[in-house]
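Residue numbers (UniProt numbering), protein chains in the order written: chain G, 1 to 176; chain U, 1 to 452.
Derived by calculation from the structure, the hints in this document are not laboratory data.
Glycine is no exception: its CB is placed at the ideal position from the N, C-alpha and C atoms.
One or more hints might be untrue.
What the hints assert, rightly or not - Reference excerpt, derived from the structure (chain G facing chain U, CB under 8 Å, subset only):
no. : residue
1   : A35
2   : L36
3   : T78
4   : D104
Here are the chains, one letter per residue:
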Amino acid sequence: METKKYKQNIDITPALQERINELLSHYPADKKKSALLPVLHEVQDAHDNWLSAELMDKVAEILEITPIEVYEVVTFYTMYNQKPMGKYMFEFCLTSCCGIRGADDMMEYACEKLGIQPGGTTEDGMFSVVGVQCLGACGYAPMMQLGDFYKEHLTKEKIDQIIDDCKSGKVILHDK
Amino acid sequence: MATKILLDKIDIPGIKSYEVYRQNGGYASVEKALKTMTPDDVTEQVKASGLRGRGGAGFPVGLKWSFIDKKSGKPRHLVCNADESEPGTFKDRYLMEHIPHLLIEGMITASYALGANLSYIYIRGEYMWVFKTLERAIKEAYAAGWLGKNILGSGFDLDLHVHCGAGAYICGEETALIESLEGKRGNPRIKPPFPAVSGLWGNPTVVNNVESISNVPWIVMNSGEDYSKLGLGRSAGTKLISASGHIRKPGVYEIEMGITVDEFINSDEYCGGMMDDRPLKALVPGGSSVPILPAHLIYKTANGEDRLMTYESLSDGGFETGSMLGSGGFIVYNDTACIVRNTWNFARFYAHESCGQCSPCREGTGWLEKVLYRIETGQGTMDDIDLLWNIQSNIEGNTICPLGDAAAWPVAAALRHFREEFEYHVLYPEKVKDRNHFVKEPFENVKHLINK
Chain G
1 METKKYKQNI
11 DITPALQERI
21 NELLSHYPAD
31 KKKSALLPVL
41 HEVQDAHDNW
51 LSAELMDKVA
61 EILEITPIEV
71 YEVVTFYTMY
81 NQKPMGKYMF
91 EFCLTSCCGI
101 RGADDMMEYA
111 CEKLGIQPGG
121 TTEDGMFSVV
131 GVQCLGACGY
141 APMMQLGDFY
151 KEHLTKEKID
161 QIIDDCKSGK
171 VILHDK
Chain U
1 MATKILLDKI
11 DIPGIKSYEV
21 YRQNGGYASV
31 EKALKTMTPD
41 DVTEQVKASG
51 LRGRGGAGFP
61 VGLKWSFIDK
71 KSGKPRHLVC
81 NADESEPGTF
91 KDRYLMEHIP
101 HLLIEGMITA
111 SYALGANLSY
121 IYIRGEYMWV
131 FKTLERAIKE
141 AYAAGWLGKN
151 ILGSGFDLDL
161 HVHCGAGAYI
171 CGEETALIES
181 LEGKRGNPRI
191 KPPFPAVSGL
201 WGNPTVVNNV
211 ESISNVPWIV
221 MNSGEDYSKL
231 GLGRSAGTKL
241 ISASGHIRKP
251 GVYEIEMGIT
261 VDEFINSDEY
271 CGGMMDDRPL
281 KALVPGGSSV
291 PILPAHLIYK
301 TANGEDRLMT
311 YESLSDGGFE
321 TGSMLGSGGF
331 IVYNDTACIV
341 RNTWNFARFY
351 AHESCGQCSP
361 CREGTGWLEK
371 VLYRIETGQG
381 TMDDIDLLWN
391 IQSNIEGNTI
401 CPLGDAAAWP
411 VAAALRHFRE
421 EFEYHVLYPE
431 KVKDRNHFVK
441 EPFENVKHLI
451 NK
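With the rest of the complex left out, here is chain G (with noise of 0.2 Å):
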């Protein structure tokens, strides 16, 4: 697998476990399995945007459920980043609405300005870029989604900007 030739820090900080058990409250307590989608999100955005096997595998030992249990969920899911991806990560949603109102041509023209493809990341590691299924912004396409955010009726300019940004720090990821 990919996954081996990176090492990833696999801690979990007070913060990040104190996250997790507010989350596991919301459960009854022989039902933590519940909250393995929500616990995977936090500890993916507390570790660079991705889940290696063995942070994946202290997650099962945090929920107490076995290593299977957590990969095929991971596996599954979308959202959940099984390679180390940039840390702005935009996601072009390609479908219907976005497609006839121009998603593809603003996904290769952020491909174009960050030099890599659909599917890539920089060499940097700062930016990655992808194609997604409908995001639900039909009304404001074409757009891409940025950490817990949407970026919405994007043009070739906000794109200029948002790249911007994001070299110089100013972008908000994660809404804390």
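Please build the complex by placing chain U on the supplied structure of chain G, with the hints as guidance.
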């Protein structure tokens, strides 16, 4: 102005916060229900309202509630389906993002009716900022005493939490949603047993859409009968429509059911007419799963009657000449849209989102996508067009959940109404090489070439 019951307060500054929501009459339905009504009274009002599920299927909400097993003695749950993922649909997000307490109020009142003491809102993972918005709003509601133990001294306890998915359209199917809420892959369950008997952790569960639940406070504050007077016949009440595509004003609109499609597309109150004044070519009225309608069947039905924004009128003519209201994902296409490309785009979506459990869907959606891509890029044959028909008809009705049907219907409708466009792609591969072929030269201008 038409009656609005969901969006009437959406423009009030600060309505997202608990204080402003409460100052504007928020949570009154909880007070009324818990202090003056029995749970069955609430269910009866919802039944009398004629409210139908707003997620797409249109099943009567009150009837669904009445199926919940109250005899087994097991804990019961209400789960709100906020997994909104049907292409063309973005109305639930609009409600939750701008007026989150309306959904929370509805969840409390509805949970009371069902006797549920632990309820969840399942929101798609991509709406992460909305997830956080709801988390904060729920904390506010706890702090103000609307959630927790012995609410308003009524003896009714309710814990409400928001749970997030992680990118899977299939989790909008209610049993897949329940699986996902249990921390598993979103594989739909075989029914029966229905969730009303065995749902979340094997307990009786009702799953309702965001918009359905958000209607409950109004019904409780007024009456089921008042609600049933809104709209038209069996299409009672108002409906949120997510309008997108080639129109002047895309966005979320609340309509009273019964207005004409013509009014919805062309009036300034709603879509504001066609973008750039280009001609209307096609309409998907209820999200990507429903049949696409060609121009001549949009404003009028096959019988020449006005096409109305109701469950009945949009489906008038069946799949031959009608479509469905579905989730209200209203996608408008002008003459620059390529129906082949759009159908391929939808097929790619379903191939990506199939959970893989049933062979007809797992294999069939992939085949549809590949064959459509071949035709769209000028590599198809006339036989491929018949092959598409064959594949879609072998998926429909042969799967555990409706995703298979949802993948088959758009293909069938596109072939039914726009076969000539598929033939054009086969006959003139050079002309369709550029993906914007119909933007540069609309099909109307080249249609005559087919019969040459």
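So which of those numbered hints doesn't the model satisfy? Violated hints: none; all satisfied.
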